[in-house]
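> Sequence:
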Amino acid sequence: TVLVYGHYDVQPPDPMDLWTSPPFEPVIKTTEIHPEGAIFARGSCDDKGQMYMHVKAFEYMIANNCLPCNVKFMIEGEEEVGSKSLSWFVERNQEKLANDVILISDTGMISNQQPSITTGLRGLSYVEVEVTGPNRDLHSGLYGGAVANPINILAKMIASLHDENNH
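For what it's worth, my numbering labels the leading residue of the sequence shown as -3, then goes sequentially.
Hints may be right or wrong, so weigh each one.
[What the hints assert, rightly or not] Label pairs and their in silico Cβ distance ranges:
#	residue 1	residue 2	range
1	113	62	17 to 25 Å
2	128	18	50 to 58 Å
3	136	115	45 to 53 Å
4	132	89	23 to 31 Å
5	86	30	42 to 50 Å
6	103	26	38 to 46 Å
7	158	87	28 to 36 Å
8	103	18	34 to 42 Å
9	9	98	28 to 36 Å
10	133	14	49 to 57 Å
11	60	90	27 to 35 Å
For the record, the hints were derived by calculation from the structure and aren't laboratory data. Note that the Cβ used here is the ideal one computed from N, Cα and C, for glycine as well.
All chains, please: the whole structure from these sequences, using the hints.
Pasting the structure below:
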């Protein structure tokens, strides 16, 4: 079973005066990479276009009797604002969402000439760290090095969040 995840919400349109066409009206434009014309619309690249591609691919496989597995879609409307209800939904629908693999529709291709499937992305992490030390001032000449300085510990923790390759 393949579970396809995607979203249909978009970023807010403000500031409105920066738009060259009405933000909620799709237009067909020709560009250097789309000389035959392409639809430009809010969410077409994040994430409606990708979701449409998956729907059409599975539709084709069903019509041609070559779909080798079960397919489920989980499409949400809060991704652009942090998916506040997603955890609640997943916790309460684990059986319905059971799968062998998840295909995340919210990514792009390396180039127009090289179709690709993204297998991993950097994530976000929100943490609160509290580092404590002595409850009074300690003279560095007497205690420096012998007692850990909370600011040095915190600096090492922050520095360890990535390596020399920015991983």
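> Take the hints in turn and mark each one as holding or not.
Against the structure, the hints come out as follows:
Checking the proposed 17 to 25 Å range against residue 113 and residue 62 shows it holds: the Cβ atoms sit about 19 Å from each other. Look at residue 128 against residue 18: about 55 Å separates their beta carbons, and that is inside 50 to 58 Å. For the hinted restraint 45 to 53 Å between residue 136 and residue 115, the CB-CB distance of approximately 49 Å keeps it satisfied. For residue 132 and residue 89, the hinted distance range of 23 to 31 Å is not satisfied, since their beta carbons lie about 53 Å from each other.
A C-beta distance of roughly 36 Å is found between residue 86 and residue 30, which places it outside the suggested range of 42 to 50 Å. Between residue 103 and residue 26 the Cβ separation comes to about 25 Å, which falls outside the hinted range of 38 to 46 Å. The given range of 28 to 36 Å is respected by residue 158 and residue 87, whose C-beta atoms sit roughly 31 Å from each other. Roughly 28 Å separates the CB atoms of residue 103 and residue 18, a value that falls outside the hinted 34 to 42 Å.
A hinted range of 28 to 36 Å for the beta carbons of residue 9 and residue 98 is consistent with their spacing of about 30 Å. Between residue 133 and residue 14 the CB atoms are about 53 Å apart, so this pair conforms to the stated range of 49 to 57 Å. Range check, residue 60 to residue 90: Cβ separation about 32 Å, and the 27 to 35 Å hint holds.
Checked against the numbered hints above, the structure breaks hints 4, 5, 6 and 8 and satisfies the rest.
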